[in-house]
Structure formats: C-alpha cells, structure tokens
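These protein sequence lines map, in sequence, to chains A and B.
With my numbering applied, the first sequence has no gaps in its numbers, which climb one by one up to 625 at the end.
With my numbering applied, the second sequence has no gaps in its numbers, which climb one by one up to 705 at the end.
One should not assume that every hint holds.
[Unchecked claim] Simulated DEER-style distance windows between Cβ atoms:
| hint | chain 1 | residue 1 | chain 2 | residue 2 | range |
| --- | --- | --- | --- | --- | --- |
| 1 | A | Arg437 | B | Ala531 | 54 to 60 angstroms |
| 2 | B | Leu559 | A | Gly98 | 55 to 61 angstroms |
| 3 | B | Val684 | A | Ser331 | 48 to 54 angstroms |
| 4 | B | Leu465 | A | Gly16 | 50 to 56 angstroms |
| 5 | A | Leu112 | B | Ala651 | 30 to 36 angstroms |
| 6 | B | Val411 | A | Arg172 | 30 to 36 angstroms |
| 7 | A | Gly98 | B | Ala442 | 50 to 56 angstroms |
| 8 | A | Arg437 | B | Trp394 | 18 to 24 angstroms |
Simulated from the structure, these hints should not be mistaken for laboratory data.
All of these numbers come straight from a predicted model, not from anything done at the bench.
Just so you know, even glycine gets a beta-carbon here, dropped at the ideal spot from N, CA and C.
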Amino acid sequence: MGVITLAMLGSLAVLAVAGAVVWGQQADRPDPSAVLRGPTAGHPLGTDRLGRDLLARLLAATWPSLLPAVAATLLGAAAGITLGALTAVVGGRAARLLGALINLLLAFPALLVAMFFAALFGAGAGGAVFALAVACAPGFARITQTLAAQVAGTDFMAAARVLGLRRHRLLLRHVLPHIAEPLMLNTAVAAGSALVALSGLSFLGLGVQPPSYDWGLMLSQGLDRIYTEPLPAVAPGIAIVYATVAFQLLGEMLAGAAVRQARPRPEEEPVAHAARADRPASTDHVLEVEDLRVVLPTADGVVRPVRGVTLTLRRGELVGLVGESGSGKSLAALAVADLLPDDARVTWTTHRFLGADAESLTREQRRRQLATGMALIFQNPASAFNPSLRLGRQMTEAVRAHRGTPRAEAVEQALAQLQRVGLPAGRRLLRSRPFQLSGGQRQRVAIAAASMMRPDLIIADEPTTALDVTVQRQIMDLLRRVRREDATAILFISHDIALVADACDRVLVMYGGTIVENLPARELAAGARHPYTRMLVASVPDLAADRDPPPLTIEGGPPDPCGTAPGCPFHDRCPHRLDRCAVDSPVLSPLRPEHEVACWRPLPAAPLGGARETEEVEK
Amino acid sequence: MTTVSARLGAPVRHRPWVVFCCRRAARLVVALFVVVTASFAMIRLIPGDPVRAALGVDAPPDLVAAKRRELGLDRGLPEQYWQHLRRLARGDLGVSLVTGEPVADLVRARLPATLLLAVLAFACVLVVALPGGLLAAVWTRGRRRPRAELAFTATTSVLAGVPDFVLAAGLTAGLAVALPVLPVAGDLGPRSYVLPVLALALAPTAVLLRIVRVETLKVLAADYVRAARAKRLPALRLHLRHVAPNALTASLTFAGNLLPALIAGTVLVEKVFAWPGIGSAMAQSVAAQDYAVVEASVLVLGSSVLVVNFLVDLALALLDPRSVIRKT
Numbered sequence: 007m008g009v010i011t012l013a014m015l016g017s018l019a020v021l022a023v024a025g026a027v028v029w030g031q032q033a034d035r036p037d038p039s040a041v042l043r044g045p046t047a048g049h050p051l052g053t054d055r056l057g058r059d060l061l062a063r064l065l066a067a068t069w070p071s072l073l074p075a076v077a078a079t080l081l082g083a084a085a086g087i088t089l090g091a092l093t094a095v096v097g098g099r100a101a102r103l104l105g106a107l108i109n110l111l112l113a114f115p116a117l118l119v120a121m122f123f124a125a126l127f128g129a130g131a132g133g134a135v136f137a138l139a140v141a142c143a144p145g146f147a148r149i150t151q152t153l154a155a156q157v158a159g160t161d162f163m164a165a166a167r168v169l170g171l172r173r174h175r176l177l178l179r180h181v182l183p184h185i186a187e188p189l190m191l192n193t194a195v196a197a198g199s200a201l202v203a204l205s206g207l208s209f210l211g212l213g214v215q216p217p218s219y220d221w222g223l224m225l226s227q228g229l230d231r232i233y234t235e236p237l238p239a240v241a242p243g244i245a246i247v248y249a250t251v252a253f254q255l256l257g258e259m260l261a262g263a264a265v266r267q268a269r270p271r272p273e274e275e276p277v278a279h280a281a282r283a284d285r286p287a288s289t290d291h292v293l294e295v296e297d298l299r300v301v302l303p304t305a306d307g308v309v310r311p312v313r314g315v316t317l318t319l320r321r322g323e324l325v326g327l328v329g330e331s332g333s334g335k336s337l338a339a340l341a342v343a344d345l346l347p348d349d350a351r352v353t354w355t356t357h358r359f360l361g362a363d364a365e366s367l368t369r370e371q372r373r374r375q376l377a378t379g380m381a382l383i384f385q386n387p388a389s390a391f392n393p394s395l396r397l398g399r400q401m402t403e404a405v406r407a408h409r410g411t412p413r414a415e416a417v418e419q420a421l422a423q424l425q426r427v428g429l430p431a432g433r434r435l436l437r438s439r440p441f442q443l444s445g446g447q448r449q450r451v452a453i454a455a456a457s458m459m460r461p462d463l464i465i466a467d468e469p470t471t472a473l474d475v476t477v478q479r480q481i482m483d484l485l486r487r488v489r490r491e492d493a494t495a496i497l498f499i500s501h502d503i504a505l506v507a508d509a510c511d512r513v514l515v516m517y518g519g520t521i522v523e524n525l526p527a528r529e530l531a532a533g534a535r536h537p538y539t540r541m542l543v544a545s546v547p548d549l550a551a552d553r554d555p556p557p558l559t560i561e562g563g564p565p566d567p568c569g570t571a572p573g574c575p576f577h578d579r580c581p582h583r584l585d586r587c588a589v590d591s592p593v594l595s596p597l598r599p600e601h602e603v604a605c606w607r608p609l610p611a612a613p614l615g616g617a618r619e620t621e622e623v624e625k
Numbered sequence: 378m379t380t381v382s383a384r385l386g387a388p389v390r391h392r393p394w395v396v397f398c399c400r401r402a403a404r405l406v407v408a409l410f411v412v413v414t415a416s417f418a419m420i421r422l423i424p425g426d427p428v429r430a431a432l433g434v435d436a437p438p439d440l441v442a443a444k445r446r447e448l449g450l451d452r453g454l455p456e457q458y459w460q461h462l463r464r465l466a467r468g469d470l471g472v473s474l475v476t477g478e479p480v481a482d483l484v485r486a487r488l489p490a491t492l493l494l495a496v497l498a499f500a501c502v503l504v505v506a507l508p509g510g511l512l513a514a515v516w517t518r519g520r521r522r523p524r525a526e527l528a529f530t531a532t533t534s535v536l537a538g539v540p541d542f543v544l545a546a547g548l549t550a551g552l553a554v555a556l557p558v559l560p561v562a563g564d565l566g567p568r569s570y571v572l573p574v575l576a577l578a579l580a581p582t583a584v585l586l587r588i589v590r591v592e593t594l595k596v597l598a599a600d601y602v603r604a605a606r607a608k609r610l611p612a613l614r615l616h617l618r619h620v621a622p623n624a625l626t627a628s629l630t631f632a633g634n635l636l637p638a639l640i641a642g643t644v645l646v647e648k649v650f651a652w653p654g655i656g657s658a659m660a661q662s663v664a665a666q667d668y669a670v671v672e673a674s675v676l677v678l679g680s681s682v683l684v685v686n687f688l689v690d691l692a693l694a695l696l697d698p699r700s701v702i703r704k705t
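Take these sequences, add in the hints, and give me the full structure.
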C-alpha cells in the first residue's frame, strides 16, 4: 500500500514538474489540418477544436491542475487552523463566539461556498483558489477546534496559563505541536477534495479560463463531443481520479503508519507443560479448570495474561478471586465463560462445566449449556446494559430465547427477581432505559437479570468496584442471598481483599496470571502462607489485628505480562525468595485439606500480627 | 421508591426538547439570514457591471440604466436590502437579466427535479451503506479476515475518491454511448434517473460504508455487547437487536452530513446529464452571466441545504434522545 502511494505521488510530482517543459509546446501548437480528430497513432487521445494534441495537453495540465489545489488547501488550512486554535487560547465568551461562527460556516456545503465566492471573485484560477480556500477553512477550523479542546483541557496547558504565557506563544508552543499529526492527515485528504472541487469549478466555467487549461476544463470541453468521441472526456476524468486517489492514499498511509508500526509479531506459544491429571468428574463440582492459559496479541507484542490457572467451584459456593489489576483475573473468568476477544487464544488441560468436558460437547451443545448454566455480572453497570433497549427486554430475552418462556411469564419472573433484589417498582423499571437508573440500581438489575435463568454458576467480575462503599455491602448481601436461595455457585472477582475475606467462603489469590494460594476465607487474616497473600493482607489496615504500625505497601510493580522469564512470578518482590525461585516456578500444591499454595517456601502459619511479622522479616 | 420514580421522571420532562428546538431554530434563522444577505450582496459585489455584462457590451446606455432602475440598483443600499427582503417575503425572486422571465417560475419548475435526484441518491446511499457496513464489520472484526479487510478498505477508498461529475462523464461514455442501454440526458421517465443517481450516490456510499464499519466495530467492542454475548443469543438476533441500533444511530449523524454535499453535488451532475434541475440552471446562468438567476439559485440551494440540515438534526434527536439531553 505504502509503495503504491509513493509511486503514485512520485509520478504526479514528476509529471507536474516535467509536463509543461516536455509537452508544453506541443500542447499549444494548433494544427488546422487535424481538428477534432479521434484517437490516431500520432494523437493517442485525439485532438481538440484547434487541432492541438490532447495527450500533450493532458500531461502539461498536471501542474496547473495540482498547484492551485495544493495552494488552496494550504491557504484554507492556514486560515482554518488559526481560527480553530484560537478557540483554545482566547477567553470563554470569545471562544463560544468563534465556535458559533465555525458552526455557521460549516452548515454550507464547501462546493456551494466555493461556487459563490468563485462567482464573486471573478472567474479565473486566482479567484477559484481563494474561493476554495474560503470554502475549506471551516472544516479545518472545526477539526482544530475539537483537537485543541482536548489539549486545552490538559494539565500542562493549565500550568502554562498559570505561568502567564502569552496567547500566541501558547498557541505556537503548546497547542499546535500536539495536534500537528491529525492535521497533516486532514490536509492530505483535503488536498484531494480541493483538486476535485477546483476541477468542478473549471468544469462549470468558474475556474481556469481559456486559453489556460486544466483537467476540469478539458473534461468540460470533452463532454461537448462525448457522443462521438468518449476518450477526450474520459482521459481527464481518469487523471482527476488518479490524483485524488493518490492524495486519499497518502492520508490513509499517514493514518495507518502508527497502527502498522505497532502490529504484533506472531510468536510461537510454548506448549503447556503441566501433565494432564485425569480427575474423575464430580457431580458436586460446578466448574473445574486446570492449567488455563490465555494469549493475547496486542500492539506491544504477545501478552500472556493468564499462565496456568487451576480452580474448582462446588455447588452453592461463594469463591473470591483476588489480585491486583493486571493479574489476569478478569481474563481468566472470561476464558471460563468463552467470552474472550476474537484474537485471543486459550488452552487448558481440563475444562469441565457441570460435569461435561468442554471438548466433548459440540459448539451448539456448549452454547446451550453456557446459556442456561452460567451468567455474568460485569464491573461497570453503566456500560453493561445496552443503552438503546428497554431493561425489560434485556432481562427477559435470555429466558425467552433459551427456555422458550412466553413473554408474559418472563415478565412475571423478571418482576419477582427485581422484587428480590429490592426494586419493587418493577413494571415501571422494566419499561425504562438503562441511563434512567443509578449505578447501584443498575447493578441490582444486573443481579436480577443474572438469576433469571437460575444458573448453576454466576461469575461476578468486580461487580462492586464502580460503586460506593455502602452500596458495595448491599450488593454483596444480595449475591449471598442468591447463592443461599438458588444454590448457585458464585465466582466473585475483586481486588478488595477485605470485602472478599468478609463475604466469601473461599479465596483464590491470583498473581502474575497464576493462582498462588487457595484457602478458606476465615483463615485469610491469620493463616495465609504465601508471601504475596500475607503482604496483601497486611496492606489492609482493618484486617490485621494490630493497627499500630502503618499499613504496608508492597514494593515494586507487577510482573511484565509480555515477559517469558522462568521462575515464580513474585520472586523479585518477595522478601523470602530462594535462589530456586528465579529459575523454577512453583506449582499450586496442597498444604493440608482446603489449603493450597504455590510457593517453594511457604511462610509458617502465624496466629496473629501478620503485618508485624512480615515487616520484621523485611528488616 | 420515591427516588426511583424521581430518577425515572427527570429526563422525560419537556425542557431539554424545548431548549434543543429553540437553539436549532435560532441557528437556522441566523444561517438563512446569512444566505439571504450573501445572495443580496453577490450581484452588488461582483467586479464590473453585471447588468452590462448580461445585456452585452454593445447594449445602449439607456437600456442598461433602465434595467438598473428596474432592479433597484440605483437606490441606497439599506433601501435596496429592505426591498430585497420584502420581495423575498412575497416569493418574488426577480427576473432573469437575459430572458426577462420571473426567476421564481424557473425555480418552481426546476427545484423538484433537483430535490428528487438528491433524495433518491441519499436513499440509495443509506440502503446500501448501512447494512453493507454492518456486514463488513461483523465479517472483519478482530482481524479475522485481514485480506477481506484490506480489499474493503482499498475499494472504498478508491470509490470515495471518484468525483461525481467525473463518474457521470465516465458513465455517460461507458453505459450510454458505448453500450446504449440507458438514457444519458434529460428527464425521460424512471430509467433516466439511474445514471444521475448512481453518479451522485457512489462516492458517499463508499464513505458511509467505511463510517458504518468503524462505528459497528466500536459497538462490537462495547461492554454491553459482551454482556449480550454472555446471554448466548443467536448471532442474527445479537447483531440485529444489540449491535445494529447503536451502530446505526451513530452512523446516521454522519449520513446526515452527507446530504447537503449531495444537494450541492447535483449542480455538476445535472450539467453532465442535462438534467432539468436548479443546478443546471445555475451552471447555464453562470456561463451566460445572468446573475439574477445565479443569485436566486444560491439562495434556493443554500436554504434547502439549511432546512435539510435542520430536519436531519430533528430526526436524529428523535432517534437518539440521549444525545439531545447531553448536548443541551
């Protein structure tokens, strides 16, 4: 694509410079003996009314066709960018006035404005250039205004204003450099449209006047005899299209440069190494996953956000999955639910839902099983509902599609579920749209919608994170109620370890794409054995019994999700690391029943004061 | 309970709609005023003497003076402007400098043909680009088919670069002259609409196809589509119910912006196909330097564009009330 673009632009540049020199004389030489000829060997495109060779005229017209277009674009861009950028640096009222002016100018199509001004300035190349500059300026002003508004809102602009920089310096130093790239792209595209518009003006007789000529005028003259000889009209048309497409492709190339630069390189994925453990399917287990891995291609290369997750959920169990942001917990959940983005690759050694292996089912069977057996609640209740559909439809469509429940019955079920989550104004609510509800209400509706199917498993992906603390507790209570009444297993994903410890039966701690510890929630405060869990607990003031020392923060950052380094993901932040930790990665293995840890040197169980102990070790 | 009902009630109140309509109406009035003033100024600002230019250089001075008096060009500017407004209010657009016929008759005879052409072309753009862009997005999302994506991008960017009047000339040459299946000039029944509509609609269709695809890709990546996927609805229902409405409201805003350019584009296309519309009348009168007709055409085309803009804004607000509430 890039090569083609450059070749097209290069050929145009060469023709523009060389055309008039090489073919200029031939193009102006009249030949009374060969007037209005069709294509012949001597004149491949034929001749015009004065017997001048049309091919020579076409080539020689490159310069007079392109130069005014480029000139008009640059003039219009200069005026429009100045006008648009001014809105970012002048005061409020002036900015509003300028904005209104730009709006007003934009209401008129550029071609009409250009025709008006071309008539006003007098027909001719100069008039047409100025007319077109006037016509394309508002477009530039608008895009600059939009871009500059983004810059004007940034902190460094505020800082520059506080420093008392003059307006023109603000404009030149701070606003324009930050928006230069999209403006260049826009200029390339606008040059193409300017060429078309100028040719159009010449075509109408408002642009270049004879004896000068450009492609538009040649097209207009060719059109008069198109019924006898199509080529004299078609050839300049092709020239206009060629140049326009070249400018368009230049715009595409500029726009695509950033994206293409960042295209991921496909990489070989190391084969999952854990041996397959053929555990018998248990009816008590809702979900069993072993060595789940997710690979995502991104702009910065291949990312491995989930690197071997093993988890099991029993019927009616409320399990918390905690970890820092970026530890892979949401992606692991989406992988379990078969909802990863299209380009993600996922592998596992075991993936059993409701006792059925994922591989053993056909696509349709698996879809049905997930549809009726699993429901999800998402983090942001503001964006998890379709803004253009009424809540009633969004709540009932799943039961209607998969259970074939009639409409009225589905609505009754929805009302009952809404009643249960504490939203008694059900009928009115079902008729409303998502934006009419508060965040807490929406999350209640999400819980009600998720329990419509009476699923065996609800995956709640940070359902409380976007809510304030009092609402968080209410949502947690609702989830526990659903679990109790429907015997639904719930995988509760959160980064709030205090909330998880308080509400869940069991806690899975995730770090760097793996589960590092699996323990009963009541043991979390005192019985954690993995150094990371211990530090996570210590960082929450109200979990540690002793409040005297300040809460701990964990030094360092989470591991690089792109990295392929061997060893325990936590080893470079771990105060208890061994030499082995950097080389071998530990596997999640049972310490005692109900407690598993992935560590080469689990900490001794401490009855009290986890925070102090960790601190001492660090010293 | 009370808080629920208060929340539900708030956005339904009529105030945002009133504010919105008033603002848009005020903007329309200001813009129309600009058009009227511009058309008034045009004939008076044109370098040289347009009356003499229209009547010919060898016209007797008495005739030129009489014509000037008839047009009111010998009076003071404020009085002329006032007369201009009063004439417009009566629907009087003056008389042609060349033929002496009332311009209003010309507009009445020719405007419907132009608007019909533009509306038909716009309908074609929507009918092709909305479903086409949607399908293209679903087909190529998540880099699933890089080759198809490249082919789509390349084709639409080339088509978007073909100017309507060049395409019109090409179609005339190819379809009507070399392969005479369709009428090439004039309004001779339904078949003669094919080529002008095609010439007008092709480039905007390509542009809108790309916009719809990008908007649909945005919607496909939205949280609520993932939530809808979690319900495992059949693919057709998922796309028609959850994806299409949101992608299309966003795309229609862009489509609305294409319509004015389409109306302006008729000027050039009508010239190629000798279409009996206002655009070809304008092109002819530019050549004949009949500025009374040019003035009226600018006024009529400019105001149609503004009125269409206004109607499109209202239609979009009805389709997507949230944007109204957000903007006002």
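The hints, checked one at a time:
1. Between Arg437 of chain A and Ala531 of chain B the beta carbons are some 47 angstroms apart, a value that contradicts the proposed interval 54 to 60 angstroms.
2. For Leu559 of chain B paired with Gly98 of chain A, a C-beta distance near 57 angstroms keeps the hint of 55 to 61 angstroms intact.
3. Between Val684 of chain B and Ser331 of chain A, the C-beta spacing of about 52 angstroms keeps the proposed range 48 to 54 angstroms intact.
4. Distance hint for Leu465 of chain B and Gly16 of chain A: a CB-CB separation of about 53 angstroms, consistent with the stated range 50 to 56 angstroms.
5. Judged by the Cβ atoms, the range 30 to 36 angstroms given for Leu112 of chain A and Ala651 of chain B holds: they are separated by roughly 32 angstroms.
6. The given range of 30 to 36 angstroms is respected by Val411 of chain B and Arg172 of chain A, whose C-beta atoms sit roughly 33 angstroms from each other.
7. Here the CB-CB span from Gly98 of chain A to Ala442 of chain B is close to 53 angstroms, well matched to the stated 50 to 56 angstroms.
8. Between Arg437 of chain A and Trp394 of chain B the beta carbons are some 20 angstroms apart, a value that agrees with the proposed interval 18 to 24 angstroms.
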